[in-house]
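Each chain is listed here by its residues.
2 protein chains.
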Amino acid sequence: MNLLHDTLSAIVPQDAAFRAQAHRRLEALTMPYWALGRLLDLAEDLAGITRSMRPPIARKAIFTMAGDHGVVAEGVSKYPQEVTPQMVYNFVAGGAGINALARQVGATVTVVDMGVAGDMSGLAAAGKILSRRIGPGTRNMAEGPAMSREEAVRTVEAGIDIARKAAETVDLFGTGDMGIGNTTPSSAIVAAFSGHPAAEVTGHGTGIDNEQFTHKVRIIEKCLRINRPDPKDGLDVLAKVGGFEIGGIAGLILGAAALKKPVVIDGFISAAGALIAHALCPAAAEYMIAAHRSVEQGHRIALELLGKQPLIDLDLRLGEGTGAALAMNFIEAAVRVLTEVATFDEAMVSKASA
Amino acid sequence: MNLLHDTLSAIVPQDAAFRAQAHRRLEALTMPYWALGRLLDLAEDLAGITRSMRPPIARKAIFTMAGDHGVVAEGVSKYPQEVTPQMVYNFVAGGAGINALARQVGATVTVVDMGVAGDMSGLAAAGKILSRRIGPGTRNMAEGPAMSREEAVRTVEAGIDIARKAAETVDLFGTGDMGIGNTTPSSAIVAAFSGHPAAEVTGHGTGIDNEQFTHKVRIIEKCLRINRPDPKDGLDVLAKVGGFEIGGIAGLILGAAALKKPVVIDGFISAAGALIAHALCPAAAEYMIAAHRSVEQGHRIALELLGKQPLIDLDLRLGEGTGAALAMNFIEAAVRVLTEVATFDEAMVSKASA
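Protein sequences, first through last, are from chains A and B.
Quick note on my numbering: the first sequence kicks off at 6 and runs consecutively.
Quick note on my numbering: the second sequence kicks off at 6 and runs consecutively.
By construction, these hints were calculated from the structure, which means they are not laboratory data.
Note that this is a predicted model, so its numbers are computed, not measured.
It cannot be assumed that every hint is accurate.
For chains that are exact copies, the list does not tell them apart, and a pair is met inside one copy or across any two.
[To be verified] Capping the alpha-carbon separation at 30 Å, the derived lysine-lysine pairs in DSSO-like fashion look like this:
id	residue 1	residue 2
1	K227	K237
2	K313	K265
3	K133	K170
4	K227	K133
5	K356	K170
6	K227	K170
7	K356	K265
Next up, chain A with everything else stripped away, as it sits in the complex:
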């Protein structure tokens, strides 16, 4: 547990002095007070995260973590499990939503096999994906823990290791996910940490109807009842009702926070990973930027637990990192405002009357 322990120890809060310096400059820009609203809050965060008045964010990388879920045996998803590996091939071919949106903002996309139920070894050998497989999907958490505690640690350490290896080449991290059935563990994680009943943190995933929804809620209730995850123990929650890709996301976030780099949290599944990271180290939340609010109702509760207000609200529910890619445009914009807009004194513009 050295890597995990060392990483958690390395995470410290944002730098208050850089936040204050950025705040003073943003207040003095040639515009009415704080007239770019939450874009200025974001600029202040970026200064505090990166310890810089010119926050480096040019080199952007999205890591799309893929994994399968034994709980799909309970019929919680509309799509067959084979879609997970098929979508990995689609990512590699550049034809998925995340590829298009990452290209738009100039981010790389790296697909990580955290445990897909299918043979990904060809893609891994060809260097098309990173392989950090824990196994061919989690066990069915409606019958017992999704994974062992030791496996949970391995998922998180895989994410940390990926962030560390990217330390010299990436300024801005983004999370993403792919895994048929993974709104089910995400809802279970939000239920475990929030104490909300399953029905309040469960959504319609990829498009199930009301009858399927009722069934999904019952399965999540069963997973929680059988496993009794301990909300004070992030690894326990991850092991019992999580997923391999969710652990990888948690690790990526912790790794980025330890590097003092911003990490954009994509959607609902990424928020579940962020809750695990937050449980392991509350200060890690200071490095998270919430991309968007999805239509999944559990996402809203997860963001509240993280204390985050998302940047985007466009009814997205795709995952993959697509929301993170979109939000990176605003991060670029915030840095432009901090570094390129003149102050009243610089531009010799008259100030407001008191």
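Since the structure of chain A is already known, use the hints to place chain B on it.
Only chain B this time, still in chain A's reference frame:
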């Protein structure tokens, strides 16, 4: 009135066949049904506007219309009128919010002097701004019409002419404004068209306190009472309680619509211009993309009248075109999704069960 008349006659609805073709493709993309939500709605709009499955949007131009307002004599703004020309110099020097955000998205910024209270001839002669001045600011609309009906036509035709001259070099238009005091005519315009009392469509502008707010509401009530703008007559509303830059914005929108090109509506003042354009030609609204919802309460009502849901909600209240610039990132993203994401058949990914 030939240019205005001809332009209004040239505006036709979006193309239904291209909308339908885009809809079919977007439904077939390798993602759960409509999983990129409002980004897909936007892609469908862009296909319908541009009559293309590859909507051209690369060449982006924001026109920041500047004008002054006689009504500032009533003490409705916190800032002195000299800030309008000072900000024009700031735009030209590249130091304002709009400059930074336009650079981020790769848009040009053209400042148009629609009637600033100050000598802008040097900048115009040097080619740094476009001069379409109607006069050195509007008259005080608390004492009578802000401008004559003939002047109102000239402001709109100036905007149309700017759009027409840009026809060969611009794919995507964005509106913007600068004018101390211009939330006052904007609120009056929204009150005139919506029938809401002034207090419900008035906000705190650049940051006035509650006492100043009460005063501003009284002034807007007086402007409406004295002038009695006719909500069925867009030019009457513009002339009586509008502004030169607001008329220019209305014209730019009508010009873009006649060219079958998308135009991004910035914030509250641009929405007031959009209401004028909409009153002159309801179909023009089909070419408008609402950038954001500002903190000005009248903006929300204006967007409802236009039937538009904005893309961004970040507590912006700057104007200048900053919201339009930010929203252009999403327009790029929507086109990427339409043109670059594979369908289920193309990618050989399994579909959902019925």
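Tested hints:
In this assembly of identical chains, K227 and K237 lie within 30 Å of each other by CA distance solely inside one copy; the values are 20 Å within and 61 Å between copies. When the C-alpha separation of K313 and K265 is checked against a cutoff of 30 Å, the pair qualifies only within one copy, where the shortest distance is 18 Å, while the shortest distance between copies is 40 Å. In this homomeric assembly, K133 and K170 come within 30 Å of each other (Cα to Cα) only inside a single copy, at 17 Å, whereas the closest approach across copies is 48 Å. With identical chains, the CA atoms of K227 and K133 are never at most 30 Å apart, being 38 Å at best within one copy and 68 Å at best between copies.
For the homomeric pair K356 and K170, neither the shortest alpha-carbon distance inside one copy (48 Å) nor that between copies (36 Å) is at most 30 Å. Neither within a single protomer nor between protomers do K227 and K170 lie at most 30 Å apart by alpha-carbon distance, with minima of 39 Å and 66 Å respectively. Proximity of K356 to K265 under the C-alpha cut-off of 30 Å is found in neither arrangement, the shortest distances being 36 Å within a copy and 41 Å between copies.
Hint violations for this structure: numbers 4, 5, 6, 7, all remaining hints satisfied.
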